[in-house]
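Top line first, the protein sequences correspond to chains A and B. According to the UniProt record's numbering, the first sequence is numbered sequentially starting from 1. According to the UniProt record's numbering, the second sequence is numbered sequentially starting from 1.
None of these hints come from the bench; they were simulated from the model. Because the structure is a prediction, the values reported are computed rather than measured. From the three backbone atoms N, C-alpha and C, an ideal C-beta is built for every residue, glycine too. One should not assume that every hint holds.
[Said to hold, decoys possible] Listed next, the stretches of chain B that the computed footprint assigns to chain A, with coverage defined by at least 3 CB atoms under 8 Å from CB atoms of chain A: (1) 63 to 70; (2) 80 to 92; (3) 97 to 104.
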Amino acid sequence: MADELVLLDFWHSPFAMRVRIALAEKGIEYESKEEDLSNKSSLLLKMNPVYKQIPVLIHKGRPICESLIIVEYIDEVWPHKSPLRLLPSSPYDKANAMFWADYVDKKIYPSGKLVWGATGEVQEAAKKEMIENLKELEGELGDKPYFGGESFGFTDVALIPFYTWFYALETCGDFSIIDKCPKLVAWTKRCMQRESVSKSLPDQYKVYCFLMELKNKFEAK
Amino acid sequence: MAEEVVLLDFWASPFGIRVRIALAEKGIKYEYKEEDLRNKSALLLQMNPVHKKIPVLIHNGKPICESNVQVQYIDEVWHDTAPLLPSDPYQKANARFWADFVDKKMYELGSKIWRTKGEEQATAKKGFIESLKLLEGELGDKTYFGGENLGYVDIALVPFYCWFYAYEKCGEFSIEAECPRLMAWVKRCMQKESVANSLPEQEKVYELVLRAKKILGI
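So here's chain A without its partners, still in its complex pose:
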C-alpha cells in the first residue's frame, strides 16, 4: 500500500536511484518525497538523525537508511515479487555481490566526484583511478549480461545510477568511456532497456548541469 511506504528522495542522487530501481523492479508502490537538501525537512532529520541524508525508506513508519542496506531490505521483505531476487541465495554469490556493490561505494563514487569536481593534478589522478576502477568492474562483468549473471541483480542496481554521471565525467575529464570500457557501456545500454532503470534515472545532461552548479557553489566558498 502506498501509504505504508515513503521514500525521502533527491532526484539527482545516485544512491536514491538505487532504491527507486529496486522498488520498480519489485513493482512496489510508494510515495516519493523530494527533499530540498539545502533545507532538509523535519521528517528527514527525524528519520535519519545520524547522517541527515537521503535516501531514507520509511516502511510502516520505521526508517531504513543507507542505500545498499535499503535495497537488501526491499529484497528480503518482498522476496516473491517479479522477476527474481536481487541478491543471490547462495552465501558465496551473495558475498560476492555485496563485495562489488561496496566497491562501487569505495571507488567509483569518490574518484568520480573528483573527476567532475576537481581540477589540475587532483583531477588527473582521479581520472586515471576512475578508468582503472571501471576496467576492474568490466573484468568482474566478463561476458555475463549483468553482474548478477543472467538476471539483473544487486551489483547492477548499485552501479547503474552512476551511468548518469558519464556525460559529466567525459566532459570534465576529457575522455571517452566507451573507448576505455566498451563492454561496460554495452551493459549500461542493456540496463537502460529495463523500465525500472530508465524511469528511475534522470537525463545525463541535466545531471551534468546540476553537478556543475554544485561545483561552482563549492568553488565560490
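Knowing the structure of chain A, use the given hints to seat chain B on it.
Relative to the frame of chain A, chain B by itself:
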C-alpha cells in the same frame, strides 16, 4: 564434508578480529595465517587482487573479502549455531546500519587520533567521542547490541577496544570517563571467550602505534 577455512589476517587489525570472533562464536576450526603487511604474500595478492588487504577468509579455496561481508557470510553458511544477525528484516537492516556506522567512523577517526596533533587531533577526538555516544544510545539498556546475545554490531565494534589504550595515550583523554556505559558493554564482551581470545593486548597495540609513529616521523 570437511570444511577448509583459512583466515589471512594481521594480529592488530580490528577488521581481522571481527572475523576471528565470528568464527569462534560458531565454533569453526580454521587455519590462521599472519600476513606481513609490508611484504604481502602471493596468496593474499591472489585471493584479494582488488584491495590487496586483510582479512581474507578462504572457504574451500574460495575467497571472501571485506570484514562485514565475511561475518554475514559466516552467519549464513553456519546458520545452525549462534545466530549473529537478526532474522527479522527490519532488525537486520538496523544491525547492518550500525555496523556500517562503525566502519565509517571508528577506523578513520581513531587513526587520526594517533597520527595527528593539534586541531586535527582535537577534531578527531571530538568526532570519535560523539560516535561512541551515538553507539551508547543505540545500545541503550541492552546487554549487547544484539540483545541477549553477542551480535553483528557487537562483533563490528568490540575489536576497536584493543586500540582504545593507544587512542587514549596519544589523545590524552579517557574513554571510560566519556562513555562509561560503553565501557561496561566492553567488559561484558570481554568475558566471552570468543572475544577475549580474539583481541590482542592493548599494550601490544600501543607499542605497535609507537613503532609506527617513529617510522612515520610523527
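How the hints compare with the structure:
Three residues within the 8 Å Cβ limit are the bar, and the stretch 63 to 70 of chain B against chain A gives 5, so the coverage statement holds. With a threshold of 8 Å between beta carbons, the proposed coverage of the stretch 80 to 92 of chain B by chain A holds, since 3 of its residues qualify and at least three are required. Evaluation of the coverage hint for the stretch 97 to 104 of chain B: fulfilled, as 3 residues show C-beta separations to chain A shorter than 8 Å, against a requirement of three.
Of the hints listed earlier, there is not a single one the structure fails to meet.
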